[in-house]
Amino acid sequence: MKLDRLQQLVIGAARQAPPRDDVPHGFEQRIMARLRSSTDPLAVWSAWLWRAALSACAVAAVAWAVGLTSVVLLPDEDRTDDLDTPAELASGHLEDALFASADSGPETW
Amino acid sequence: MPADLTDSEIIAAIRAGDSSRFEELVRRYQARLFATARRYARREDEVEDIVQEVFLKAFAKLDSWRGDAPFEHWLMRLAVRTCYDFLRSHQRNREHSLSELNDQETDWLETFVATPEANPADKDAARSLVNRVLEQLSPANRLIITLLELEDRPVKEIAALTGWSVPLVKVRAFRARAEMKKILQRMAPEKYL
Numbered sequence: 000m001k002l003d004r005l006q007q008l009v010i011g012a013a014r015q016a017p018p019r020d021d022v023p024h025g026f027e028q029r030i031m032a033r034l035r036s037s038t039d040p041l042a043v044w045s046a047w048l049w050r051a052a053l054s055a056c057a058v059a060a061v062a063w064a065v066g067l068t069s070v071v072l073l074p075d076e077d078r079t080d081d082l083d084t085p086a087e088l089a090s091g092h093l094e095d096a097l098f099a100s101a102d103s104g105p106e107t108w
Numbered sequence: 000m001p002a003d004l005t006d007s008e009i010i011a012a013i014r015a016g017d018s019s020r021f022e023e024l025v026r027r028y029q030a031r032l033f034a035t036a037r038r039y040a041r042r043e044d045e046v047e048d049i050v051q052e053v054f055l056k057a058f059a060k061l062d063s064w065r066g067d068a069p070f071e072h073w074l075m076r077l078a079v080r081t082c083y084d085f086l087r088s089h090q091r092n093r094e095h096s097l098s099e100l101n102d103q104e105t106d107w108l109e110t111f112v113a114t115p116e117a118n119p120a121d122k123d124a125a126r127s128l129v130n131r132v133l134e135q136l137s138p139a140n141r142l143i144i145t146l147l148e149l150e151d152r153p154v155k156e157i158a159a160l161t162g163w164s165v166p167l168v169k170v171r172a173f174r175a176r177a178e179m180k181k182i183l184q185r186m187a188p189e190k191y192l
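Protein sequence lines correspond, in order, to chains A and B. If you use numbering that gives the first Met the number 0, the first sequence corresponds to residues 0 to 108, in order. If you use numbering that gives the first Met the number 0, the second sequence corresponds to residues 0 to 192, in order.
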């Protein structure tokens, strides 16, 4: 069958053209660096520390942004003009929010 | 470090805590592994990922090498299994559009196979043409055709490399040849049908 001939041709071509065996420059050093980073406990620990530090920075940035927008979005009547800085303003409102439930509750004594 | 240390001596040193000696093993076998990986992956970044994975696995599992077979065989087993995993994980990316082989290409193939000394450009062209056919095969069939037909390995050795039983290798080889024929039937020009 002629199809067998074509199959032989494809296989013959593959045998005559084996894949190249060249290696990228410095490949063995790359492997050793990967091994060192995966087996060195200090490297693992520092990688975790970096991750934790980045997460903490992200949370701090989000908290700062939320604090800033809540101050900007306050209606005029809620603004306390005696407070100078946005931080003081924000802490004043945090206080109000915290004690709101206590203030509105019935007197128990 | 003396350059003529055997694999067993290097591995003994690594087991004793000198992991830097692993670099010597990488240097010894990287070319072989690159050639193996290039049979299954086309893109160079994929080839590098496969070889890197093989060496990282080899380092992690070095304690499981008992020394009763050459280290090279053990490493090749890891390589073949990693390549098979690669084929399976990239199964969805296989090219399903069959580009037919035209008369010009098959005539060229006849000349290429008949001429023992081909130039490098011809070899590249032959590789890409062969890849077009092999990429249509399922992962198991591609692995079998590669090991059996392209690398000319005996069934027993393929069984050891893949972890399949000898009868399973034979069954899969039969199926692989049938699938390849079916693919060629769809790709072949009129004169081969």
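Just so you know, the hints here were simulated from the structure itself, not pulled from any lab data. Note that CB positions come from ideal geometry on N, CA and C, so glycine has one too. A couple of the hints might just be wrong.
As the list claims (entries may be wrong) - Computed Cβ-Cβ distance ranges for the label pairs, DEER-style:
id	chain 1	residue 1	chain 2	residue 2	range
1	B	188	A	20	14 to 22 Å
2	A	51	B	162	58 to 66 Å
3	A	14	B	99	49 to 57 Å
What the hints assert, rightly or not - Listed below are the simulated DMTMM-like cross-link pairs for lysine to aspartate or glutamate, each with C-alpha atoms no more than 20 Å apart in a straight line:
id	chain 1	residue 1	chain 2	residue 2
4	B	122	B	109
5	A	1	B	109
6	B	180	B	104
7	B	122	B	84
8	B	60	A	27
9	B	180	A	3
10	A	1	B	17
11	A	1	B	148
12	B	56	A	27
13	A	1	B	178
14	B	122	A	27
15	B	60	B	22
16	B	180	B	102
17	B	180	B	106
18	B	56	B	44
19	B	122	A	94
20	A	1	B	22
21	B	56	B	17
22	A	1	B	99
23	B	181	A	20
24	A	1	B	44
25	B	122	B	106
Claimed, not checked - Among chain A residues calculated to face chain B with C-beta under 8 Å, some are:
id	residue
26	8
27	16
28	30
29	41
30	53
31	59
Hint-by-hint comparison with the structure:
1. One distance hint, 14 to 22 Å for the beta-carbon pair residue 188/B and residue 20/A, is violated here, with the actual separation near 33 Å.
2. In this structure the hint that residue 51/A and residue 162/B lie 58 to 66 Å apart at CB is violated, the actual value being about 41 Å.
3. Taken as a hint, the range 49 to 57 Å is violated for the pair residue 14/A and residue 99/B, whose Cβ atoms sit roughly 23 Å apart.
4. This hinted pair checks out: residue 122/B and residue 109/B have alpha carbons roughly 13 Å apart, not beyond 20 Å.
5. Only pairs whose Cα atoms come within 20 Å are accepted, and residue 1/A paired with residue 109/B is accepted, the gap being roughly 13 Å.
6. For a cut-off of 20 Å, the pair hint linking residue 180/B to residue 104/B stands: about 18 Å separates their Cα positions.
7. Simply put, residue 122/B and residue 84/B have alpha-carbon atoms about 27 Å apart, too far for the 20 Å limit, and the pair is violated.
8. Between the alpha carbons of residue 60/B and residue 27/A the distance comes to roughly 18 Å, so the proposed pair stays at or under 20 Å and holds.
9. Distance check on the hinted pair: residue 180/B and residue 3/A sit about 8 Å apart at the alpha-carbon level, within 20 Å; holds.
10. At most 20 Å may separate the alpha-carbon atoms for a hinted pair to count; residue 1/A and residue 17/B exceed this at roughly 59 Å.
11. Pair hint residue 1/A plus residue 148/B holds up; C-alpha atoms about 19 Å apart against a cutoff of 20 Å.
12. For the hint pairing residue 56/B with residue 27/A, the CA-to-CA distance comes to about 15 Å; that is within 20 Å, so the pair holds.
13. Using a Cα cut-off of 20 Å, the hinted pair residue 1/A and residue 178/B holds, with the two alpha carbons roughly 16 Å apart.
14. Restraint check for residue 122/B and residue 27/A: the C-alpha separation of about 28 Å exceeds 20 Å, so the hint is violated.
15. Of the pairs offered as hints, the one joining residue 60/B and residue 22/B holds, with about 16 Å between alpha carbons and a cut-off of 20 Å not exceeded.
16. Under the criterion of a C-alpha separation no larger than 20 Å, the hint pairing residue 180/B with residue 102/B is consistent with the structure, at around 18 Å.
17. Only pairs whose Cα atoms come within 20 Å are accepted, and residue 180/B paired with residue 106/B is accepted, the gap being roughly 19 Å.
18. Restraint check: the Cα-Cα separation between residue 56/B and residue 44/B comes to about 18 Å, which is no more than 20 Å; the hinted pair holds.
19. For the hint linking residue 122/B to residue 94/A, the alpha-carbon distance of about 78 Å lies beyond 20 Å, and the restraint is violated.
20. A C-alpha spacing of about 50 Å is found between residue 1/A and residue 22/B, which places the hinted pair above 20 Å, so the restraint is violated.
21. Distance restraint check for residue 56/B and residue 17/B: the Cα-Cα separation of roughly 18 Å lies within the 20 Å cut-off, and the hinted pair is therefore satisfied.
22. This hinted pair checks out: residue 1/A and residue 99/B have alpha carbons roughly 16 Å apart, not beyond 20 Å.
23. At roughly 31 Å between alpha-carbon atoms, residue 181/B and residue 20/A are farther apart than 20 Å, so this suggested pair is violated.
24. Distance check on the hinted pair: residue 1/A and residue 44/B sit about 38 Å apart at the alpha-carbon level, beyond 20 Å; violated.
25. Taking the CA atoms of residue 122/B and residue 106/B, the gap is near 15 Å; set against the 20 Å cutoff, the hint holds.
26. Satisfaction of the interface hint for residue 8/A is found here, the shortest Cβ-Cβ separation to chain B being roughly 5 Å, below the 8 Å cut-off.
27. Nearest Cβ of chain B to the Cβ of residue 16/A: about 4 Å, under the 8 Å cut. The hint holds.
28. Checking residue 30/A against chain B by beta carbon gives a least distance of about 5 Å; that is within 8 Å, so the hint holds.
29. A least Cβ separation of about 15 Å between residue 41/A and chain B goes past the 8 Å threshold, and the interface hint is therefore violated.
30. The interface hint given for residue 53/A is violated, since its Cβ lies 26 Å from the closest Cβ of chain B, which is over the 8 Å cut-off.
31. For residue 59/A, the interface hint is violated, the least distance from its beta-carbon to any beta-carbon of chain B being 36 Å, above 8 Å.
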